[in-house]
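Novice: Below, each chain spelled out in residue letters.
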Amino acid sequence: SAVISQKPSRDICQRGTSLTIQCQVDSQVTMMFWYRQQPGQSLTLIATANQGSEATYESGFVIDKFPISRPNLTFSTLTVSNMSPEDSSIYLCSVEFRPRETQYFGPGTRLLVL
Amino acid sequence: GQQLNQSPQSMFIQEGEDVSMNCTSSSIFNTWLWYKQDPGEGPVLLIALYKAGELTSNGRLTAQFGITRKDSFLNISASIPSDVGIYFCAGRLNTGNQFYFGTGTSLTVIP
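Protein chains in written order, with the working numbering: chain A, 1 to 114; chain B, 1 to 111.
Quick caveat, the hints were computed from the structure, so don't treat them as lab data.
Note that the structure is a prediction, hence the values are computed from the model and not measured.
All C-beta atoms, glycine included, are put in the ideal place defined by N, C-alpha and C.
Take these hints with a grain of salt, some might be off.
Taking beta-carbon pairs under 8 Å as the criterion, some of the chain A residues facing chain B (in silico) [what the hints assert, rightly or not]:
| id | residue |
| --- | --- |
| 1 | L19 |
| 2 | M31 |
| 3 | T48 |
| 4 | T102 |
| 5 | Y104 |
| 6 | P107 |
| 7 | G108 |
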């Protein structure tokens, strides 16, 4: 497994602003992912964070709204841009080790947009 | 995207009772994962399954990879109050990297 930390743990933001969420892992991992969990809902994959190249986004998510960086094998950021109240969610970072296909999650960032 | 249906949606049980929940899909999956999420926390991995028919235990928890590869089951024996939370299944297809998550089962244990 891995120790995964996220910053901030929670934030309250104003409409129209942007927030960058950081994800740090204590060991090098093959894959890193960003998920969104809306209140009372399941998890939805936003994108796969690729080291050294552009992230791979899932249907319904675009780079302009959710820019992602992954400068190395232990760190990634997700920015939620030009926020609206509909962006209020928990944002979760996850990591995966290969060849064993298991994903571990960070504690999440709770975002409230007013 | 793929839809994983979990049932039941919620359960209210007495402490000491056994719990069963399942996850079904219309597609064939290569990997099944089961998670527990406590309020205000990220999901915690409970059990991982990689082979059709595989039965794996983790303490009082036992999960099975369905033979059809379209379903998975999680059982909790002798439930205790700290079992309270939301349980999610997740499955991965033969192609691609994405894990698709189930709709969740909310478990309440009454002391």
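Novice: Work down the list of hints and note, for each, if the structure agrees.
Specialist: Going down the list of hints, with the structure as the test:
1. L19: violated (18 Å)
2. M31: holds (7 Å)
3. T48: Hint holds; A/T48 Cβ to chain B Cβ min 6 Å, cut 8 Å.
4. T102: holds (5 Å)
5. Y104: Hint on A/Y104: holds, closest Cβ of chain B at ~6 Å, below 8 Å.
6. P107: holds (5 Å)
7. G108: A/G108 check passes; min Cβ-Cβ to chain B is 5 Å, inside 8 Å.
Comparing the model with each numbered hint stated earlier shows that hint 1 is the single one that does not hold.
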